[in-house]
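Engineer: In case you want the letters, here they are:
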Amino acid sequence: MTMPAPRPSASMAYQPDGGGANLADILERVLDKGVVIAGDIKINLLDIELLTIKLRLVVASVERAKEMGIDWWESDPSLSSRARQGELARENAELQRRIAELEERAELEERNA
Amino acid sequence: MSTAAPDLRYVYAVTRPFDGVPPEGVRGISGQPPKLVRHGDLVAVVDPVPAADFEEGPLKARLEDLDWLAATARAHDAVIAALATVTCPVPLRLATVCRDDSGVRRLLEEGGERFERALTRLDGRLEWGVKVYAEQPAPAAGAAPERAPAGGQARGSGRDYLRRRMEARRSREADWGRADALSRRLHAELSAQAEAAALHRPQDAKLSGVPGVNVLNAAYLVDRARGQEFADLVQGYAEEGVQVRLTGPWVPYSFAGIGDEEQPVGGGAEPAAGGAQSSAGGAEPEPGPSAEPTAGGAVPAAGAGDRGGDGAGPEAVRG
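Chains S and H supply the protein sequences, listed in that same order. Counted the way our numbering counts, the first sequence spans residues 1047 to 1159. Counted the way our numbering counts, the second sequence spans residues 28 to 346.
There's no promise every hint is true.
Cut-off 27 Å, straight-line C-alpha distance, at most; resulting in silico cross-link-like pairs (DSS-like, lysine-lysine) [stated by the list, open to error]: (1) H/LYS87 - S/LYS1088; (2) H/LYS62 - H/LYS87; (3) S/LYS1088 - H/LYS62.
These stretches of chain H come out as covered by chain S in the derived footprint (C-beta under 8 Å, 3 or more residues) [claimed, not checked]: (4) 64 to 70; (5) 81 to 95; (6) 104 to 118; (7) 124 to 133; (8) 136 to 143; (9) 185 to 195.
Hints were generated in silico from the structure; no laboratory data involved. Since we're looking at a predicted model, the values are computed, not measured. Yeah, the Cβ is synthetic: ideal placement off N, Cα and C, and Gly gets one too.
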């Protein structure tokens, strides 16, 4: 566990090297939090494609996967849902093949006995 | 777009007037020390930034560039963190930009009441981030080895395959269960100790670079003086197959916007603590490791918010 010493009055202790804060920690705070007040330059951060793709979808995919009971993180870190489905289908087919094989063998053994 | 366009004003944070200047050595996005624009009883901390980057069109394009975004986010955070050493800054969201100083004053004027409320609520407090990870099972137990012997028709290979799959699944579920249970206990206790709590979405390893599955990603608003105590409390939580990580102290980003939307004035501190205690008392599971899709929610006060995420948590994996 990373345990930075709190330095309330010195400069903040969450440097990437020392405090265990990563880019995601910073982005989720500076993009998603903080007071939202319109300046003269109007930008809706929610419209930004990058946020959708790199942050929201990627993160949501973890949740969606969990909802579906998918254990994709165990095997393939690819975050493409198509790749995940392909992976699952492949695994499924492989399992079915193995089961058929087992059943066949069991049947054979029974007959030989 | 003209290259001679005058600089725009990037606004990092709003504070009360404070003695002296921004801490020495702080450089903003422009590479220059940030400047102060005062209006009434509020001060905006600003930086002249090039229109070529921060005018509406280019800014939108720039934000798509993860490297640029990361550098800007770090600079944004660095300025605000430095400010926190001399005063209580209310952080604004990234890329809040005005045309000129009078635009900045207008922003202070329009947001005056909200800034005042946030300043009162956040003064003397810092944010701590706590994340819980279910450690990833060793890859050996996973998908890799059993594909290889597919060709070899060794007797029992099918059975072994299934057994390995089952074992991997059981071990993973045990880790999930432990991480889930620990997250709930931890979140209940920390919420009771903090003045407010907020749940963030679990992070993806691709962006965070942290191995394992992020089960809980929470932030707690804690009095400056109690920071060490709080950190010690977090340190006490650890378990096999589960990793607990602490970050901070942060400027209270996660609590700056609360009260704007979902909470009435002053709804931050006291009722939140009370709510946390009552929900911590009940054995009811509530941290909802997969936090709310959008705001993450102010947890103790908005109890309903995290319940929604609960069903999508590790429960679903076990089922």
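Engineer: Hint by hint, note whether the structure agrees.
Structural biologist: Okay, the hints, checked on the actual structure:
1. H/LYS87 - S/LYS1088: holds (10 Å)
2. H/LYS62 - H/LYS87: holds (25 Å)
3. S/LYS1088 - H/LYS62: Roughly 22 Å between the alpha carbons, so the hint for S/LYS1088 and H/LYS62 holds.
4. 64 to 70: violated (count 0)
5. 81 to 95: holds (count 9)
6. 104 to 118: With 7 residues in contact (Cβ-Cβ under 8 Å with chain S), the coverage given for the segment 104 to 118 of chain H holds.
7. 124 to 133: holds (count 4)
8. 136 to 143: holds (count 4)
9. 185 to 195: holds (count 6)
When held up to the earlier numbered hints, the structure conflicts with hint 4 and nothing else.
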